[in-house]
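Trainee: Chain by chain, the residues run as shown.
2 protein chains.
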Amino acid sequence: MARTKGSVGADTKTAIYSAAKKLIEAKGFEAMTLRQLAAEVGVQPGSVYRYVESKDELLQALMNQHMVSLIENWEKLEGKGDDPVSRLKAFVAFHIRYHIERRADVVIANLELRSLGEDYRADVVTKRSQYEANLRNILSDGVKAGVFPKVDLEVAAFAIIAMLTGVCFWYRPDGRLSIDEIIEVHQKLVLQGVVG
Amino acid sequence: MARTKGSVGADTKTAIYSAAKKLIEAKGFEAMTLRQLAAEVGVQPGSVYRYVESKDELLQALMNQHMVSLIENWEKLEGKGDDPVSRLKAFVAFHIRYHIERRADVVIANLELRSLGEDYRADVVTKRSQYEANLRNILSDGVKAGVFPKVDLEVAAFAIIAMLTGVCFWYRPDGRLSIDEIIEVHQKLVLQGVVG
Numbered sequence: 001m002a003r004t005k006g007s008v009g010a011d012t013k014t015a016i017y018s019a020a021k022k023l024i025e026a027k028g029f030e031a032m033t034l035r036q037l038a039a040e041v042g043v044q045p046g047s048v049y050r051y052v053e054s055k056d057e058l059l060q061a062l063m064n065q066h067m068v069s070l071i072e073n074w075e076k077l078e079g080k081g082d083d084p085v086s087r088l089k090a091f092v093a094f095h096i097r098y099h100i101e102r103r104a105d106v107v108i109a110n111l112e113l114r115s116l117g118e119d120y121r122a123d124v125v126t127k128r129s130q131y132e133a134n135l136r137n138i139l140s141d142g143v144k145a146g147v148f149p150k151v152d153l154e155v156a157a158f159a160i161i162a163m164l165t166g167v168c169f170w171y172r173p174d175g176r177l178s179i180d181e182i183i184e185v186h187q188k189l190v191l192q193g194v195v196g
Numbered sequence: 001m002a003r004t005k006g007s008v009g010a011d012t013k014t015a016i017y018s019a020a021k022k023l024i025e026a027k028g029f030e031a032m033t034l035r036q037l038a039a040e041v042g043v044q045p046g047s048v049y050r051y052v053e054s055k056d057e058l059l060q061a062l063m064n065q066h067m068v069s070l071i072e073n074w075e076k077l078e079g080k081g082d083d084p085v086s087r088l089k090a091f092v093a094f095h096i097r098y099h100i101e102r103r104a105d106v107v108i109a110n111l112e113l114r115s116l117g118e119d120y121r122a123d124v125v126t127k128r129s130q131y132e133a134n135l136r137n138i139l140s141d142g143v144k145a146g147v148f149p150k151v152d153l154e155v156a157a158f159a160i161i162a163m164l165t166g167v168c169f170w171y172r173p174d175g176r177l178s179i180d181e182i183i184e185v186h187q188k189l190v191l192q193g194v195v196g
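Going down the list, the sequences are from chains A and V.
Numbered by UniProt numbering, the letters in the first sequence go through residues 1 to 196 in order.
Numbered by UniProt numbering, the letters in the second sequence go through residues 1 to 196 in order.
Here chain A stands alone, though its shape is the one from the complex (with noise of 0.2 Å):
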């Protein structure tokens, strides 16, 4: 890492998983090689291993920051004094709107945790879980509030959190509806299902 100091070094870091994200949307982890990689930011091959240890560790370290960003967003946007309904409206748009706009993040965590390995497989999985937890509290708020009936946190945290990240494999830009006309049909499904 001695000789990557600087702007630069950073600059090339960035590209490497920028790229590397790319690829792996594209075909998969198991198929990406660190020479495509190389190739794809056009560096030689040797380069690519001055900012990435393997594979593994990229893998690790995309969904790493993917996470942890996704984690630090929603609670800079977090309005804990609202109400539950207020703040279950605002993570379903939150949520919608964040991942749509980072469809490869999406598909490389959904799609490629089984292939980490199984340390860092925990360590994604707890910050995922640090993520719903924040889902999981709006729930529980609106439970003991009286707002919303008693409901099984777990479960009820998964499938909401299933159906807003599904938007990201079906919203195309030029689609039928914008992104706020879907947030909307979403807030009414979460809220009051299809019977309303």
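Worth flagging that the hints you see were computed from the coordinates, not collected in a lab.
Please note that the accuracy of each hint is not assured.
Identical copies go unnamed one by one, so any copy, or any two together, can satisfy a pair.
Only pairs whose alpha carbons sit at most 25 Å apart, straight line, appear in this in silico BS3-like list of lysine-lysine [as the list claims (entries may be wrong)]:
no., residue 1, residue 2
1, K127, K89
2, K89, K150
3, K144, K89
4, K144, K80
5, K188, K55
6, K76, K89
7, K22, K76
Please arrange chain V on chain A, whose structure you already have, making use of the hints.
Mentor: Structure of chain V alone, referenced to chain A:
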């Protein structure tokens, strides 16, 4: 294909398909080689080609088999004369139960669509849409009957299916809740949302 007739050929083909699902679920389609597949089944690498034209053809066959069987099984079960609420509850129960028992198929159908060629992908997407149409029809009938308020049928169907399929990614047979309990939570969420 001339040398593979009768039940021995059929058994070997079934064994190859089943081993392929296992390998793809564990490591991804791009990482699987036909050589590994042969070793897993216990046949010579050359023999695999009697049953499988290419890796692409194999993936297409696995996805196609899954989608055709899914559609057929729902159509056998569907009570077309029932009211929309009962049909929706039945759909939720069917979808969760069917997919929980076929985790490898779900992983492949959801994670490996990117590895399918254009034509094959179009075919799988058409079949998927055909299955989703069953849910859109239930929702649409409910809206027409005034039981469900107006909703974007396409987005609602995507959202509900994503929520239900999501169960496969966290369900453990030795977990806290039974499949019936998990189904019940999802039926409530789909019908009444969090507010109830």
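Trainee: Determine for every hint whether it applies to the structure shown.
Mentor: Results of checking the hints against the structure:
1. K127 with K89: Only inside one copy: K127 and K89 sit 22 Å apart there, 33 Å across copies, limit 25 Å.
2. K89 with K150: both (18 Å within a copy, 19 Å between copies)
3. K144 with K89: Within one copy only: 18 Å inside, 27 Å across.
4. K144 with K80: within (15 Å within a copy, 40 Å between copies)
5. K188 with K55: neither (42 Å within a copy, 43 Å between copies)
6. K76 with K89: Within one copy only: 16 Å inside a chain, 38 Å across chains, cut-off 25 Å.
7. K22 with K76: neither (28 Å within a copy, 42 Å between copies)
Violated hints for the displayed structure, listed by number in ascending order: 5 and 7.
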